[in-house]
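Colleague: I would like the entire structure built from these sequences, with the hints used as guidance.
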Amino acid sequence: RKEVEQDPGPFNVPEGATVAFNCTYSNSASQSFFWYRQDCRKEPKLLMSVYSSGNEDGRFTAQLNRASQYISLLIRDSKLSDSATYLCVVKGDYKLSFGAGTTVTVRA
Amino acid sequence: DAGITQSPRHKVTETGTPVTLRCHQTENHRYMYWYRQDPGHGLRLIHYSYGVKDTDKGEVSDGYSVSRSKTEDFLLTLESATSSQTSVYFCAISDYRDNTGELFFGEGSRLTVL
Chain A
1 RKEVEQDPGP
11 FNVPEGATVA
21 FNCTYSNSAS
31 QSFFWYRQDC
41 RKEPKLLMSV
51 YSSGNEDGRF
61 TAQLNRASQY
71 ISLLIRDSKL
81 SDSATYLCVV
91 KGDYKLSFGA
101 GTTVTVRA
Chain B
1001 DAGITQSPRH
1011 KVTETGTPVT
1021 LRCHQTENHR
1031 YMYWYRQDPG
1041 HGLRLIHYSY
1051 GVKDTDKGEV
1061 SDGYSVSRSK
1071 TEDFLLTLES
1081 ATSSQTSVYF
1091 CAISDYRDNT
1101 GELFFGEGSR
1111 LTVL
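Quick note, the sequences are listed as chains A and B, same order.
Under my numbering, the first residue of the first sequence carries the number 1, and numbering increases by one thereafter.
Under my numbering, the first residue of the second sequence carries the number 1001, and numbering increases by one thereafter.
Source of the hints: derived by calculation from the structure; they are not laboratory data.
Keep in mind that a hint or two might mislead.
Said to hold, decoys possible - Think about it this way: if two alpha-carbon atoms lie no more than 30 Å apart in a straight line, the pair counts; the simulated DSSO-like pairs of lysine-lysine are:
| id | chain 1 | residue 1 | chain 2 | residue 2 |
| --- | --- | --- | --- | --- |
| 1 | A | Lys45 | B | Lys1053 |
| 2 | A | Lys95 | B | Lys1053 |
| 3 | B | Lys1057 | B | Lys1011 |
Claimed, not checked - Here are the computed distance ranges between Cβ atoms for each label pair:
| id | chain 1 | residue 1 | chain 2 | residue 2 | range |
| --- | --- | --- | --- | --- | --- |
| 4 | A | Arg107 | B | Ser1065 | 44 to 50 Å |
| 5 | A | Lys95 | B | His1010 | 28 to 34 Å |
| 6 | A | Tyr51 | B | His1041 | 23 to 29 Å |
| 7 | A | Cys40 | B | Val1012 | 16 to 22 Å |
| 8 | A | Lys79 | B | Glu1107 | 21 to 27 Å |
| 9 | B | Gly1016 | A | Gly16 | 50 to 56 Å |
| 10 | A | Arg76 | B | Gly1016 | 50 to 56 Å |
| 11 | A | Lys95 | B | Thr1013 | 28 to 34 Å |
| 12 | B | Thr1015 | A | Tyr51 | 43 to 49 Å |
| 13 | B | Glu1107 | A | Asn55 | 27 to 33 Å |
The beta-carbon is built from N, C-alpha and C at its ideal position, and this holds for glycine as well.
Modeller: So, in structure tokens, the structure goes:
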């Protein structure tokens, strides 16, 4: 079983829509959680950290559910520029584990 | 953007040939990493370095070696390339070993082994 699993998508949504997706992790001792964004054929970049109480950064909201071992990312009022692959990253035991990514395509 | 450059950015080689990828940083970060990215897989750690001449293996280190003789340079070597090593390779740097989760990545090196 992979340490971090994501629905690969793609999620095709119109501009202005809300899109949400989850990531599950297998190690219950995982300590920290992050979302990275990767544009097509580009390097990943940190989008946001995920805190226990949930957190927002503009149109992006991240949630953590330790009991069910998943994190989520919600994007409100989607923009064309939000089209990317979103990587779930989980830190545990001094190691970062990356999910394979969820692809979001926002159409005009 | 963090000052990380990878070279070459693209390379096509034949099975059995040696290949060296270079990662150069201007941020003076202590930690440097080499990852590979393949379809259907997350980024997988090959090797990492926590200082000059200090390196350790990641989860997919077989067939790869690394060297770090200077803070700014981290080299990844495939002694004898195989088709299974066709991949996109990313170098990354950080100030703290995974403490914050923020890694700064280079633009990637796309390697094709025929």
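Colleague: Between A/Arg107 and B/Ser1065, does the beta-carbon spacing fit 44 to 50 Å?
Modeller: Once the Cβ atoms are compared, 45 Å apart, the range 44 to 50 Å for B/Ser1065 and A/Arg107 holds.
Colleague: Mind checking the hinted window 28 to 34 Å against the Cβ distance between A/Lys95 and B/Thr1013?
Modeller: 30 Å, holds
Colleague: Could you see if the CB distance from A/Cys40 to B/Val1012 stays within 16 to 22 Å?
Modeller: For A/Cys40 and B/Val1012 the Cβ distance comes to about 21 Å; the hint holds.
Colleague: Is 43 to 49 Å right for how far apart the beta carbons of B/Thr1015 and A/Tyr51 are?
Modeller: Holds: the Cβ-Cβ distance is about 47 Å, inside 43 to 49 Å.
Colleague: Compare the distance between the alpha carbons of B/Lys1057 and B/Lys1011 with 30 Å, and conclude whether the hinted pair is satisfied.
Modeller: Holds. B/Lys1057 to B/Lys1011 sits at ~24 Å (cutoff 30 Å).
Colleague: Could you say whether the range 50 to 56 Å given as a hint is met by the Cβ separation of A/Arg76 and B/Gly1016?
Modeller: Holds, at about 52 Å.
Colleague: Would you say the C-beta atoms of B/Glu1107 and A/Asn55 sit inside 27 to 33 Å of each other?
Modeller: Holds - the Cβ-Cβ distance for B/Glu1107 and A/Asn55, about 29 Å, lies within 27 to 33 Å.
Colleague: Does the beta carbon distance between A/Tyr51 and B/His1041 stay inside 23 to 29 Å, or does it fall outside?
Modeller: Check passed, 27 Å falls within 23 to 29 Å.
Colleague: Given a hinted range of 28 to 34 Å, is it respected by the beta-carbon distance of A/Lys95 and B/His1010?
Modeller: 29 Å, holds
Colleague: Assuming the hint says 50 to 56 Å, is it satisfied by the Cβ distance from B/Gly1016 to A/Gly16 or not?
Modeller: 53 Å, holds
Colleague: Is 21 to 27 Å a correct range for the gap between the Cβ atoms of A/Lys79 and B/Glu1107?
Modeller: Given range 21 to 27 Å: holds, Cβ gap about 24 Å.
Colleague: Compare the distance between the alpha carbons of A/Lys95 and B/Lys1053 with 30 Å, and conclude whether the hinted pair is satisfied.
Modeller: Given pair A/Lys95, B/Lys1053 holds - Cα atoms ~20 Å apart, limit 30 Å.
Consistency note: the structure conflicts with none of the earlier hints.
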